[in-house]
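Student: Sequence:
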Amino acid sequence: MVAPSRILLSKCFEFRRAGEFIDIRLKVGDTLFPAHRVVLASYSDYFHSIFTDGKEANQEVIEMKDKSISPEMKRIQGRDIITLRMSQDIQKLFGVIIPVESVQSMAYYFDVEAKLWAPLPFVAQSDEETSWYFCAERSGNYLFVARQKHNNVNSIERYDVVNNSWVELPEYGNNHKVDCLCSVGDYLYAISESNPPQRYSLTNNSWQGGVRLEVEERCKKFSTVSATVMNSKIYVIHGYQRNESGMSNTRWVSEPAVVHCFDPKYNLWKKLASTCHLHFKSSLLVVNNRLCVAGGWEHDTVFRKPALVEVYDEAANTWSVVPQKHIPPNNLGAVEIEGRVYFIINKFPVDSGIRIPPEEMYQVDLSGWGDVAKVERGTVLCYLPVNMANLSREKNSDQG
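Here the working numbering is used: the first residue of the sequence shown is 1, the next is one more, and so on.
Just so you know, these hints were derived from the structure itself, not from any lab.
Among the clues, some could well be false.
Unchecked claim - With a cut-off of at most 27 Å between alpha-carbon atoms, the simulated DSSO-like pairs for lysine-lysine come out as follows:
1. Lys271 - Lys221
2. Lys281 - Lys374
3. Lys270 - Lys177
4. Lys149 - Lys177
5. Lys221 - Lys233
6. Lys271 - Lys233
7. Lys325 - Lys281
8. Lys325 - Lys177
9. Lys233 - Lys220
10. Lys305 - Lys325
11. Lys265 - Lys305
12. Lys271 - Lys325
13. Lys149 - Lys220
14. Lys115 - Lys325
15. Lys115 - Lys221
16. Lys281 - Lys305
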């Protein structure tokens, strides 16, 4: 049974990510970070004081100038209550990967200041041997990771950030490969390329199967999948292919990717407009409350061309291409969306923190970022709260 306090924390995190019940925004530079007053006040005397006695008590936006980002603010950041990425010193703590190194898995973080991956040895390792990691999703103080063990059995593990421990979840469905994990409310949803979605209850540690998403026409098939959460619904994109003559021995021809919306409340799928162009192994992400697709390839073959970046217009139910005029040629998976630069690595969107002013006429400088893309296949990436004290001790130990 999950403690009620952790369920509450998880719900607050989901509300913030979905943009629900937001009543305060913190401004750092030109960036606004949505938050909840009650959460900030409950974890910080600093915010409690300014919300009750300070001049900002009734303001909807509070500007956090450099001199006002106090150690108390960093303490909140370490607990990942609002997941601000307001400066390099704080942002670098949240880039965490779990690469496969032979039998042992090891956690790393990306140091934004040094622009290098560095190990996190104080993060506990899983007790079981793993041959491949597929995806990861964080919910509150838990990190869920879908994997394949060395005996070719698929499973999902849960890492407890507070207790620094791993536990394997109960079996789900037919224990098929899980391509995406999405957290909505009190549930974790496991999405795969062709199997029905499975949902895991955080409260009673059990699984339930959902309705299968069927291919609408014969001689067509899904190929690769990515998913994301927006406004408490799960959006899923599939690469799409059709059999030219309808016979099993003919070649498959690629078509624009198909996009669906899954409503967890009613266990229903709704088809949205297909993308303008082809997308395979692309990442589906939300930027400024808009659905975007980036990264991946135009063809699911060895002769690959990078896929275009597209953004979805919900009102018109249409997709459009996002020009990449500020992005120089690169092999980092770098893209620009809504004035922000992301690195798409293993289908995971990494926010670089680089912002492009509307009046900018030149390309952004990506020099020095080469190490960010040095991630092997079978590696999953996620944002994870890291105890700053532990990290400082590790650094001091290495230097000593």
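Student: Run the distance test for Lys115 versus Lys325: straight-line Cα separation, threshold 27 Å.
Tutor: Given pair Lys115, Lys325 holds - Cα atoms ~24 Å apart, limit 27 Å.
Student: Within 27 Å, alpha carbon to alpha carbon, are Lys221 and Lys233?
Tutor: Holds, at about 24 Å.
Student: Compare the distance between the alpha carbons of Lys265 and Lys305 with 27 Å, and conclude whether the hinted pair is satisfied.
Tutor: violated, 38 Å
Student: Between the alpha carbons of Lys325 and Lys281, is the straight-line distance 27 Å or under?
Tutor: Satisfied, since the Cα-Cα distance of roughly 23 Å is no more than 27 Å.
Student: Does Lys233 pair with Lys220 here, judged by a C-alpha cut-off of 27 Å?
Tutor: Holds, at roughly 26 Å.
Student: Does the alpha-carbon distance linking Lys270 and Lys177 stay inside the 27 Å limit?
Tutor: Measuring from Cα to Cα gives roughly 23 Å; hence the hint holds.
Student: Does the alpha-carbon distance linking Lys115 and Lys221 stay inside the 27 Å limit?
Tutor: violated, 40 Å
Student: When you check the alpha-carbon spacing of Lys271 and Lys325, does it fall within 27 Å?
Tutor: violated, 31 Å
Student: Next pair to validate is Lys281 with Lys374; report whether the Cα-Cα distance is within 27 Å.
Tutor: Given pair Lys281, Lys374 holds - Cα atoms ~18 Å apart, limit 27 Å.
Student: Would you mind confirming whether the straight-line C-alpha gap from Lys281 to Lys305 stays at or under 27 Å?
Tutor: The given pair, whose Cα atoms are some 12 Å apart, holds under the 27 Å limit.
Student: Is it true that the CA of Lys271 sits at most 27 Å from the CA of Lys221?
Tutor: holds, 15 Å
Student: Please work out if Lys271 and Lys233 have their alpha carbons no farther apart than 27 Å.
Tutor: Distance ~13 Å between Lys271 and Lys233 Cα, so the pair holds.
Hints 8, 11, 12, 13, 15 from the list above are not met by this structure, while the remaining hints are.
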